[in-house]
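Q: Chains as they are written, first to last, in the numbering used here: chain A, 499 to 855; chain B, 20 to 405; chain C, 21 to 311.
One or more of the hints may lead you astray.
[To be verified] Pair ranges (Cβ atoms, derived):
(1) A:GLN545 to B:ALA381: 30 to 36 Å
(2) B:LEU154 to A:LEU703: 38 to 44 Å
(3) A:PHE665 to B:GLY82: 55 to 61 Å
(4) A:LEU703 to C:ILE172: 56 to 62 Å
(5) A:PRO625 to B:PRO382: 51 to 57 Å
(6) A:LYS628 to C:LEU199: 48 to 54 Å
(7) A:ASN599 to B:GLY82: 53 to 59 Å
(8) A:LEU704 to B:ALA47: 54 to 60 Å
(9) B:ALA381 to A:LEU704: 46 to 52 Å
(10) B:GLY322 to C:GLN108: 45 to 51 Å
No wet-lab data here; the hints were simulated from the structure. From a predicted model like this one, the values you see are computed outputs, not experimental measurements. Note that beta-carbon positions come from the ideal geometry of N, C-alpha and C, so glycine has one too.
If you want the building blocks of each chain, they are given just below.
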Amino acid sequence: MKANKSVFSSLFGRQRRGRTVSILLVILAYIVLTVMIRSGNLSRLFQGLLVPICCYMVAAIGLNLNVGVSGELNLGQAGFMSIGAFAGICLSGRLAPLLPNTLLRLVLAILLGAVCAMIFGFLIGIPVLKLQGDYLAIVTLAFGQIIKSLITNMYFGFDENGFQFSFVANTTKLAPGGKMLLNGPMGATGTERIANFTVGAVLVLLALLVVYHIMYSKSGRAIMAARDNRIAAESVGIHVSNTKMLAFVISAGLAGAAGALFGLNYATLVPNKFDFNTSILLLVYVVLGGLGNMTGTMIATAVLVLLPELLRSLQDYRMLIYAIVLIVIMLLTNNETLKTWFGKLKAGKGAAAGKEG
Amino acid sequence: MKNGLKKALVVALAAAMASAPAALADGAIKIGGSGPLTGGAAVYGQAVKNAAEIAVEEVNALGGLQFELQMEDDAHDPEKAVNAYYVLDDMQVSLATVTSSPGAAVAPMYAEDHIFAITPSGSSLDVIYADSANLSGAYGNVFQMCFTDPNQGTASADYIKAHENLGSKIAIIYKNDDNYSTGIFNTFKAEAAVVGLEVVYEGTFDDSNASDFTVQLGQAQAAEADLVFLPIYYQPASLILQQAQAAGYAPTFFGVDGMDGILTLEGFDASLAEGVYLLTPFNADAEDEQTKNFVAKYTEKTGEVPNQFAADAYDCVYAIAQACEAGGVTADMSAQEICDILVEQFTTMTFNGLTGTEMTWAPTGEVSKTAKAMIIQNGAYVGVED
Amino acid sequence: MGFLSYLINGLGLGSVYAIIALGYTMVYGIAKMLNFAHGDVIMVGAYVAFFALNTYKLPTVPAVLLAVLVCTVLGVVVEKLAYKPLRQATSLAVLITAIGVSYFLQNGAQLLWSSSPKVFPALVGNGSLTLGSLSVSYVTLITIATCILVMIGLTLFVNRTKTGRAMRACSEDKGAATLMGINVNQIISVTFAIGSGLAAIAAVLLCASYPQVFPTLGSMPGIKAFTAAVFGGIGSIPGAFLGGLLLGVIEIFAKAYISTQLSDAIVFAVLIVVLLIKPTGLLGRKLSEKV
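Looking at chain A on its own, in the form it has when it is part of the complex (with noise of 0.2 Å):
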């Protein structure tokens, strides 16, 4: 019994239940998702926002460790993806004349793709961790930009005689036959598209594991502690930079993994793509679901790729609808009455779980 016991309050306690509870969504809505692909109930739209609804999960759950655990505002996570998703396509456009296995060929590029981006991580980490508050945002902010302009500026190829690189003056000459993996402006063009939503589910699956693991070791109630209260932290001895940096580079090689499965789902990619733009993309899903709430995070990244698309029938308008909507979730989902009305429902419900994180 004692042992029962202690395997549901592992699954269910008050500690883990969010990870619990995340996990078996996601599970279940693989499993709804794919018998509504089988039997042909799902139209093409969604079963062609599936992998993208993954990446944008993905990278959130690693800012929300970001914001949301460490309590660093990164205004830069979409400079990872530019360098994981970049950094798997020239992996996967390299490999593709030796290996036509696409399954092991999409995830060498998403492993590579996060590896890439936890080195950046790691180098930017140790600047940005220096800095506090919106001083820190901006230097991520500023770190999203540079990494853009770089990948703008780079030309990568490869011929019969190997790897050619350029930077800034385009310079390459590949021999007939050879093959532009990264050009500049025009980024990477006539890319196999070999993302799954099977990989793209496994790798939300693979890092919510992460970050709850990071979330519940002690080193993570560390970081929180330090959140909530960095001098009551540090004078009971809390020292935190180590885990901290651990956040930042789990968070950077998420994003990182997110965009290699990303720039493969599509034949083109630019390096605009990942602007400052696409960083607030993500810190919006973030908050909305919720700091530390891995679970709300992925509601909300869904909610919001899916809502432009359910908008389209208002043509011009929907755009402005969108942010309308998006204004009176924040307005709702913050009011005090409401709030009060919510806590005062669970606490009759008697699960007096706070919040998660």
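Following the hints, put chains B and C in place on chain A, whose structure we already have.
A: This is chains B and C only, laid out in the frame that chain A set:
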């Protein structure tokens, strides 16, 4: 997020996913397409949408073929263009996309689903080739109404070479985060090297620096350039002209088709554009009946003078109409049947439109038409005779 | 073109950034929020000024005053409807709402005034002042002068007037300010009114230098000015001024002497370096931590 809201969102989501696509009117051939109807590039998408709507109304009014147009928003984003493609589930013919990068994203999908598409203004080679670097893997069912970028770059270099009075020292200012501009720049530079033009300065700008050109103009002036080649759209071009005048720098400015529209900018001081050369297929001031009719209708509908995007879109609809009539296309045919007929027609027919006469298409989808060199004099385009 | 003309062009561009940054920094200093919709208020101001000048043929000064009036009202209304209900919420919630407002204004402008750009009428002619080999356009001179005037006026207002002192009190400690009988809500509204009025002046200066009006006009200068405000130390009025000028000069120099392709990367790299040396910007106060 609170539980109640979560549930509400999940329910909304489920309801949304079950929604079916809108039903289609009987007897009309459905033309789809996407373009930036919102966001920073909306001016191009709106121009195409408005012009295509005018053309569809005109074709329908003739009583023969009936078209139904559905233009979706892609916000100049390849990702949204793919979404728009899926929304256009029941289209039978397509105007593809208005801009190049979104076009490159959906072109392979048109090829896979075998739906005929002709883009009014997606001028990159990536729109018609899977492997543009080697000019191989043409999709074969994606056509262009506009010139390809390389075509314009080469034609401009050749024209400048052939008219040495225009200038001998050339400066180029282009937008280096833009597919269109970089595409023309690359071929212009290559052709300039082949024919022996002297390029003394290359300057760039991008989305985040698209208003201040004092440095680029200053350096072009310092390099003693007497001709500035501007393979860019008319909005930044108008700022360049204004800032050049303020700096007292007066070289010959030479633009491409993106420059068209500069005279119709609301409030633009046409004297700034005096003496600007441009290679463009369309001239809103042309005196022929077809152009006058189109410009009048467009101005009535939108209050604005149509630019080259609008003219290309208008031509696209008419070219589709011509090919459908010649090939006996009817509304009950599948998109795939129509595709075979239209590919056959387009590669064999000759089309006369607003943006050119005697146009023909290669099996790769590339259009062959002549660019007219124009010079702006007294606020109007004047054709330059060779 | 020599060093001096680049410097002056940089100062002209920087003055535009500076005046936008003043709006950011004021709102941040008092309301502690990043008002990402500030750039779009500028866009609205530009349209109002455009129609006043071009369509209704008003003289320059009334047109500018009209733009200031409309922007002030807009700023106050937006604050009342979208930001005030979130006074108790996290600063991130307000940030996202501001982004919503930004989308709303951009798309609303497109629907109302179409996406086609319009050319802003020349206010002072396209001439320039020539001193030897150096030529400086009048627009640049006026922009720099206006920016200095606005900064001096704002500093005097904040330091000398009762409302200004109340604003500083709110920025120090809202709780204590309330106890001293200051109506904090009202002060925040006043701040938004002033910030938005400044946006209209910024709009006119921006469009005088770069005469084009379109719905996404404000986003890029907005981000740059936000950067400038942080650069100088967000919350500090002289800081925003200095940050704006420096940003403009660095941008022009990066283009002139290094590369037009990489100018953005260079500007942001300089920003990062500065923040590493001075973690609260050039003139920002040290973050005080309460124990």
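Q: Against each hint, give a clear statement of whether it holds in the structure.
A: Hints, verified against the model:
no.: 1; hint: A:GLN545 to B:ALA381: 30 to 36 Å; in the structure: holds (34 Å)
no.: 2; hint: B:LEU154 to A:LEU703: 38 to 44 Å; in the structure: holds (43 Å)
no.: 3; hint: A:PHE665 to B:GLY82: 55 to 61 Å; in the structure: holds (59 Å)
no.: 4; hint: A:LEU703 to C:ILE172: 56 to 62 Å; in the structure: holds (59 Å)
no.: 5; hint: A:PRO625 to B:PRO382: 51 to 57 Å; in the structure: holds (55 Å)
no.: 6; hint: A:LYS628 to C:LEU199: 48 to 54 Å; in the structure: violated (36 Å)
no.: 7; hint: A:ASN599 to B:GLY82: 53 to 59 Å; in the structure: holds (56 Å)
no.: 8; hint: A:LEU704 to B:ALA47: 54 to 60 Å; in the structure: violated (48 Å)
no.: 9; hint: B:ALA381 to A:LEU704: 46 to 52 Å; in the structure: holds (48 Å)
no.: 10; hint: B:GLY322 to C:GLN108: 45 to 51 Å; in the structure: holds (46 Å)
Taken one by one, the earlier hints fail for this structure at numbers 6 and 8, listed in ascending order.
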